[in-house]
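Residue numbers (my numbering), protein chains in the order written: chain A, 1 to 561; chain B, 1001 to 1494.
Treat the hints loosely; a few may be bogus.
Unchecked claim - 25 Å max Cα-Cα, derived PhoX-like pairs, lysine-lysine:
| no. | chain 1 | residue 1 | chain 2 | residue 2 |
| --- | --- | --- | --- | --- |
| 1 | A | Lys467 | B | Lys1292 |
| 2 | A | Lys87 | B | Lys1094 |
| 3 | A | Lys210 | B | Lys1485 |
| 4 | B | Lys1292 | A | Lys87 |
| 5 | A | Lys561 | A | Lys210 |
| 6 | A | Lys221 | A | Lys465 |
| 7 | B | Lys1218 | B | Lys1257 |
| 8 | A | Lys219 | A | Lys467 |
| 9 | A | Lys159 | B | Lys1229 |
| 10 | B | Lys1344 | A | Lys159 |
| 11 | A | Lys561 | A | Lys221 |
| 12 | A | Lys336 | A | Lys361 |
| 13 | B | Lys1218 | B | Lys1229 |
| 14 | A | Lys87 | B | Lys1344 |
| 15 | A | Lys465 | B | Lys1344 |
Unchecked claim - Interface residues of chain B toward chain A, partial, derived using beta-carbon atoms under 8 Å:
| no. | residue |
| --- | --- |
| 16 | Gln1067 |
| 17 | Tyr1070 |
| 18 | Ile1339 |
| 19 | Glu1340 |
If you are wondering where the hints come from, they were derived from the structure by calculation, not from laboratory data. Please read these numbers as outputs of a predicted model, since none were measured by experiment. Glycine residues also receive a C-beta, built at the ideal position from the N, C-alpha and C atoms.
Listed below, chain by chain, are the residues.
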Amino acid sequence: MYERGPQTRGALLLIAAITGSCTGVISDGSDEPAPDGPNAPIGGAENPFTCSPAADPSPTGLERLTERELTTTLSDLLGKDVAAVIKSVLDSVPAEAEATLYDNISPTLTGEHVRSHYRVAAAAASAVVGNAAALTMHAGACAAQDTTLDQACLSSFVKSFGLRALRRPLSSADEASYATLFNAAGSTRKRIGLQMVIAAMLLSPEFLNKVEASGMPVKGKTDLLHLDRYEIASRLSYVYWGSKPDAELFAAAASGGLSTPDGVGTQARRLLASPRALDHVRHFYSQWLQLDAIAGPPSNPTFLAGVSPTRLRANAVAELQDFVDHQIWKSPGTYKDLMTSAVSFAKTADLTAVYGTTPRKGLLTRAALLMHDSPYTHPILRGVRIRNDVLCESIPPPDPNAIPAELLEPIEPDPLSGTRAAVTTRTSSPACAGCHGLINPVGFAFEGFDSIGRARTTEKIFDAKGKMIGTAPVDTEGTTMLGGREVQLRSAGEVAELAAGGVQGTACLSRHWFRFSHGRMEKEADGCALNASTSALTGRTLKDMLLATALDPSFTLRKVK
Amino acid sequence: MKWDAVSRRHLLQGLGGFTLALPFLPSLAPRALAGVIPGKRFIGIGNSHGVYPEWWPSLSATQNLGQGVYAGDLTSVSGDLSPIFPNQHFGDLKSKILFLRGLDTCYAVNHCRQTPFSAGTHGGSANSSTMQIGSPSIDWVIGQSAVTYPSPPKVRNLVVSPDPLGRRDGGSYTFARTDNGTPVVAAVGNAQTAFDLAFKGELGTSDDPNSPKADDMKKVVDKVYEDYKRLRGSSRLGAADQLRLDDHLTHLSEVQKQLLASPAGAAASCSSPIPSPIRTTASVTEWDQAVKNHIDIVVAALACGSTKVAGIVFGPYFEAAYFGAKGYHEAVSHSTTNIEGHAKVQGAQARHIAYLIRKLDSITESDGRSLLYHSLVMWNNSLGKGSSHSSKELPLFMAGNGGGTFTTGRLLDYRYRPFYKGFITGNQYAGRPYNQLLVSILQAMGLQPQEYEQAGQPGFGVYDGPDVKPALDPYHAAYKTVEVKRAPLPGLRD
């Protein structure tokens, strides 16, 4: 609920940090010399990640289930009926902090998390035992009455439910400890005892965290573990589904089907073929592209010129998702397709009116990514998105110490010269020019689209009451440093082509997928995994990049943190 | 403070007011609160993105109270105090409210998401994740104090974010940490959840004979605690993992204590389900009712002793609903001209706060004074002037007397005289650190410095932000002595 709005971010990004922080070349780490020519691909063609097979992967810490993972896991574990009953309690679980783009990277634990986990566990236990169908499904008919809920009935339940909840077979000691808890309720309150057992499992550290502490050390090392087969099953299911393993994955773990790279690959392909992977990968790229933060459209009817704003944002986001899903799952597309394909999924009148007859070139010119809650575009936000999120450059946020307060006032375009001129003027001081020399030209290349994504050749200027008071010509051309050399940009399509053709874009997408799939930031020691996914993305398809994660040898290892 | 004096029937009769839109607290109050020892309550109301200058009462503070404080009498204004505080809603409340002008954050511009109830600064970065350094929020500090709660309450901090659709806004302004942290308490958007939290407690103890009692659940948590300890001892976890598990163990230990403090059945007389008002769309009328529902729950929780510290968050859903269209943030919050849009949203917030004040005032406690008298209501924003992202002249509105520690009916102006713009753009003037108000409230609630001063630093929070330059802000130095930092704001009780 805080200051996440694009206006704020835009205002702050408006003013670049001190000049020195944005001068020179910003690359993704590649030392390859850039090919000559204005349209050469960004970042060259060589995979920038170095794989040293003998090196250990980076350490992985104990990961707590995120709010989303907890919700999905509980739904899969308990069934949708029980999940619906506990929804309002689940809603009280705090959302994850915004430390990074991804909700699963270093989520902070607070007391409210623990209390809400307690409430969820208690509510879920009550809902299972209070629902005859759910109780029978999880514990068998014997659990329906105190008279038949004996030790054998309990033991059967603890084994089966425990496996699914804790995501590993329970030991005899585990079973005994749950039986002790069950018996503590007393012989006349067995169903209460069953609730206590369920609540304890749902509060267990092995339910609430992705615990990987059962594997054997790699020969000669104490801090590098082979994951055991159930831990591999959990990694697979959380990477591709964001939830617990299903019955087939548990069965594969039990039968030794995950003991070989081929077996892991087989299950990974199966998980990726499921619609559940589509949902989870959507969650990935929605965070990568910050779809939740998209604001708009503006409400000015003169600006909208008949385009209904009511559902435009939702329809634009849906079209982007359909497009990306198509490239990943249906096409199956390459990174170049993602960046340059003109396929459109505009199905509604509002979006059709926005797109008109001008073909869209790839992801970056979709209406959702061009939208802003103002009649005016935000070239700075557009430029920063490309630089930081698509090319993984590091345009730093501005330093408030270097910002004169008046530079934070909203930019009002001049009726005669328009947004580009206003942005240029505002960012021309020495304190701003370093970063904005990199940001603005990229953003200006997208000026051929207005703030709901319509193609345009002139910009309309409005007064404070929304009345149009002038027009300004649109200028999309500029020169800037990209991939270590100076390039001339003339259009958004040209930016897309440049990104699509070089390794900087594919390496960047690989980095982001790594962060999401591993729940941590990449480090130098992760070169093999990144090298593999970037190679998959460069030579093959987007889906191959997803699969490469599970096929990499480091997938079944854990370096102790 | 016990709830036993209230029968279940009376509570249900009262709760009928939620759905029937009938006032319930007056009927509840005489029997509910007889014999209950009054205590001080704090209600923090927060929102973001600043205000327009027209938010402030059109009143000159000309009475010199000394120590640089000037006062104006709100009751002397016969017309509307401002477009946000019209006579229609505030005409009879002028003697019960208080405006404080000229209280500043320690940074010049920019959001700091902790600001409404804490004194921090941004971390030198525009990234929201680093814009939160300084102090925990006072509602959290008050809620953790043994002075506030000699014995564990149902809920230490009850924070709601009213929403007829039951959505969450994802956060609150309640922070426990001084560095980059997430809000420690989730703002509850669902009325049923808020009710359960208020009357069943943070752990949701149940009076259902078919559910485990607190003693049973204590055994569950004890087992889970042992599971965590066993996992922590694993040689296959690293030091960082062990620290995470330590954190979890600490919080679990708190749950154990809460369960020990909540004997089975204690919540019975307060527990009863009400329909969850979950729908897929909501009109402004429904929003009005939803906000009233949440306020009723908050007031009932404060009145019956379920909590002494409450929070109300007006978030983006509220803004969109009352603005009537998308784009409130862009079109209004930081616009220099859209006063109508501003009045729609902040006017609605003020109207609901007027309802809260009347509710608090309608309840007479055992000493014959109102719940409002014993309460401190504070409404604040993350910014001062929204159009310029200025963090000066925070829009501080208060109500209630804090048990006699705050005098109402006035506008207190702390801006330095003669007015000095310093580095501030627009018509805003330098004042004194906002921190001093937070110290005043903490002291009014009975807290001692050792409960709120951090690492022995005098006062509360950060006094020197990264972008406040002494050469441009010469007057603040006078307010940063140890003596002033530890003293309440002058004029509050005069």
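Going through the hints against the structure:
no.: 1; hint: A:Lys467 - B:Lys1292; verdict: violated, 38 Å
no.: 2; hint: A:Lys87 - B:Lys1094; verdict: violated, 43 Å
no.: 3; hint: A:Lys210 - B:Lys1485; verdict: violated, 47 Å
no.: 4; hint: B:Lys1292 - A:Lys87; verdict: holds, 23 Å
no.: 5; hint: A:Lys561 - A:Lys210; verdict: holds, 14 Å
no.: 6; hint: A:Lys221 - A:Lys465; verdict: violated, 70 Å
no.: 7; hint: B:Lys1218 - B:Lys1257; verdict: holds, 9 Å
no.: 8; hint: A:Lys219 - A:Lys467; verdict: violated, 74 Å
no.: 9; hint: A:Lys159 - B:Lys1229; verdict: holds, 22 Å
no.: 10; hint: B:Lys1344 - A:Lys159; verdict: violated, 58 Å
no.: 11; hint: A:Lys561 - A:Lys221; verdict: holds, 14 Å
no.: 12; hint: A:Lys336 - A:Lys361; verdict: holds, 10 Å
no.: 13; hint: B:Lys1218 - B:Lys1229; verdict: holds, 16 Å
no.: 14; hint: A:Lys87 - B:Lys1344; verdict: violated, 33 Å
no.: 15; hint: A:Lys465 - B:Lys1344; verdict: holds, 17 Å
no.: 16; hint: Gln1067; verdict: violated, 29 Å
no.: 17; hint: Tyr1070; verdict: violated, 26 Å
no.: 18; hint: Ile1339; verdict: violated, 11 Å
no.: 19; hint: Glu1340; verdict: violated, 10 Å
In this structure, the hints that do not hold are numbers 1, 2, 3, 6, 8, 10, 14, 16, 17, 18 and 19, in rising order.
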